[in-house]
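Engineer: Here are the chains, one letter per residue:
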Amino acid sequence: MSLITIDPRKAAPFPEAAAEILRDTQLRKNVAHATDVIQYKRAAVVAEKDDWQALRDAGATIRKEALQHLDSYLEQFEQQFTRAGGHVHWAADAEEAQRIVLGLLREVQATEIIKIKSMTTAEIDLNRNLAENGIRAYETDLAELILQLGAELPSHLIAPALHKNRQQVRELFAREMHLPNLTDDPPALAEAARLYLREKFLKVKSGVCGANFLVADTGSVCIVESEGNGRMCLTLPDTLIAIAGIEKVIPRFSNLEVLLQTLPRSATGERMNPYSSLWTGVTPGDGPRNLHVVLLDNGRSEILADTTSRQTLQCIRCGACQNACPVYRQTGGHAYGAVYGGPIGAILTPQLFHMEHAQSLPYASSLCGACYEVCPVKINIPEVLVYLRSKVVDQNRGKLASVFNQERVAMKMMARILLSRERFETAQRIARVLEKPLVGKDGWIHWLPGLAGRWTAARDLEALPTQTFREWWKERGNA
Amino acid sequence: MSREVVLHRVRSALAGSKAEDLPATSAYRRTGILTAEQKLHMLEDRLGEYGARVFRASEQDLRERIALALIEGKKLRMVHPSGLPEAWLDGRISWTADSNGGGEELSLARIESFDGVLTAATVAVAESGSIVLQHGAAEGRRALTLLPDYHLCVLFEHQLVETLAECFERLKGSATRPTTFISGPSATADIEMTRIKGVHGPRFLDVILVAP
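Going down the list, the sequences are from chains A and B.
Counting from 1, position 464 in the first sequence corresponds to residue 464 in the numbering used here; the numbering is continuous, with no gaps.
Counting from 1, position 128 in the second sequence corresponds to residue 1128 in the numbering used here; the numbering is continuous, with no gaps.
Hints may be right or wrong, so weigh each one.
[Unchecked claim] With beta-carbon atoms standing in for the labels, derived distance ranges:
| id | chain 1 | residue 1 | chain 2 | residue 2 | range |
| --- | --- | --- | --- | --- | --- |
| 1 | A | Y40 | B | A1097 | 40 to 50 angstroms |
| 2 | A | R289 | B | A1137 | 18 to 28 angstroms |
| 3 | B | D1021 | A | R476 | 49 to 59 angstroms |
For the record, the hints were derived by calculation from the structure and aren't laboratory data.
In this text the structure is predicted, and so the values were computed from the model without any measurement.
Cβ coordinates follow ideal geometry from the N, Cα and C atoms, glycine included.
The following block holds chain A by itself, in its conformation from the complex (with noise of 0.2 angstroms):
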């Protein structure tokens, strides 16, 4: 059975999934290439900004100040998206956002909807919950719509399908939309995804989407995209719901100034995606006519309660984090069990889940910091990944038989040690007595026992050396 899932409540521990992954040669060559070619084009844009460094401090700014203030800029949202035609709702977690839509979607009758890719949808599972109540939803993003025909998980968050090749994609839009003569060439399974959502812009008449940015002074609602499906969704249907991670809001219409500068260069390496599309309330004449919007909490009031780590909740989802860490491009998004996957992933998905699930996370990283230098918001990803390890070592206090435990003895002893000199030589000496089965001909140790076993799974492990500086200090001395 796989170890994959998306689910972190039943997802195997990080280093086990990304074992398996591992094995996948096609799959690390495949997100090797995206993650390469993201980097290469966000760095061009990036550089020719001679200001690019306030952009990403101002990006920090205005997203720190809606989170300092977000009951009042929430509120201001309601008000003014209200006040211009459209309803918003409120739900605590994943379960009620589910029931809302489905209620929303009941109300006119709705059997299909048409989707734009969205993150939140994703987290709270909806297409599986409206499925089973008998609403078909079609994503439209190209790359979800390879997912979903493919029943595959998202694996990036700008690029979800960047694990598959063209031969792939060719293999299952062949099948799928029954095209035995479809070619590999990109345009070509481009042309395919057209014709085969063409009918259903024009014939569907609810729409799903989440949100980049909610504005609170406008009330207004923000979608960056490319393909112009989301425009279609935006558009065309009737019935509009928008799902939306309360932290989505920002506090002015002028903040998307900087942060449209800063999220297409992160996410696309593009001066500007191809499209994006601001709306507020109901235009007569003009798109859906029954607005709504979700504005979603799961977990995400409970991050903002501490300090330290309620930086994460600056994120605007461009994945440059993902593309720059060296641990997401040997593994790709799988090996995190989540939605979510890199290091953003990394410090989210255990937050989101009270700090019981995805413990692996924080430790699925080498703090390298390359994910704080990319991020357009600052978010310090390594200060929060370390924080999170000191909380998941309190979580489990007291809990039998946990590895944790056996670590914080460990610890505990490590620190007696070390606070004696007697006792460091002491120790020092035993070592060397004990180190000599285990090391090989080269001097250096390929394999210890029990928990000590992680470290020289992945690395070896120098013999300590005959003599420390202190005891050669000392002969010479005497000498």
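We have chain A already, so just place chain B on it with the hints.
Structural biologist: Quick look at chain B alone, frame taken from chain A:
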């Protein structure tokens, strides 16, 4: 009521900490430095990179330039928002107007059946290579510039700004109208990060820059 539950949770989450003093956000470049001609060049360059074509015209030959672009591209059956200046519409092309909200509206299937759509724009940004359309008499409803496969957009020099900050300054008064930033034709890079022009939105975008 979950509204109260969520708001209460947010308020209690914030109650434990004092709001941090945040640095001002004004250090990035807001005001442009390019001359009018440099701005036009930059917009041409950047739209060109996205795969859009840019033509220049003067006010006097605008009608002719529109007609030429359409005849060359064999776009002879065109749709346009009803508020477009009559003077732009050359008789060699067949024109159909779509009313904006009031009066007779074309069906979606009908809009899709045209060779293309002609509109004006609200503002354009040189630095990002974007044109901005807002719901209005000469820019129409959003479906109108979405369903036809070809979009021809007329932009006047005075509508062109250099930076995104200048653009948002201009949009301030009409922020709540449906607004679309268009930076080149529809595109995707979802298959092996290869940029492909044209998926669901118009696959072909031409811009006519009107400058003296």
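Engineer: Could you run down the list of hints and mark each one as holding or not?
Structural biologist: Hints and how they fare:
| no. | hint | in the structure |
| --- | --- | --- |
| 1 | Y40/A to A1097/B: 40 to 50 angstroms | holds, 46 angstroms |
| 2 | R289/A to A1137/B: 18 to 28 angstroms | holds, 21 angstroms |
| 3 | D1021/B to R476/A: 49 to 59 angstroms | holds, 56 angstroms |
In this structure, every one of the numbered hints holds.
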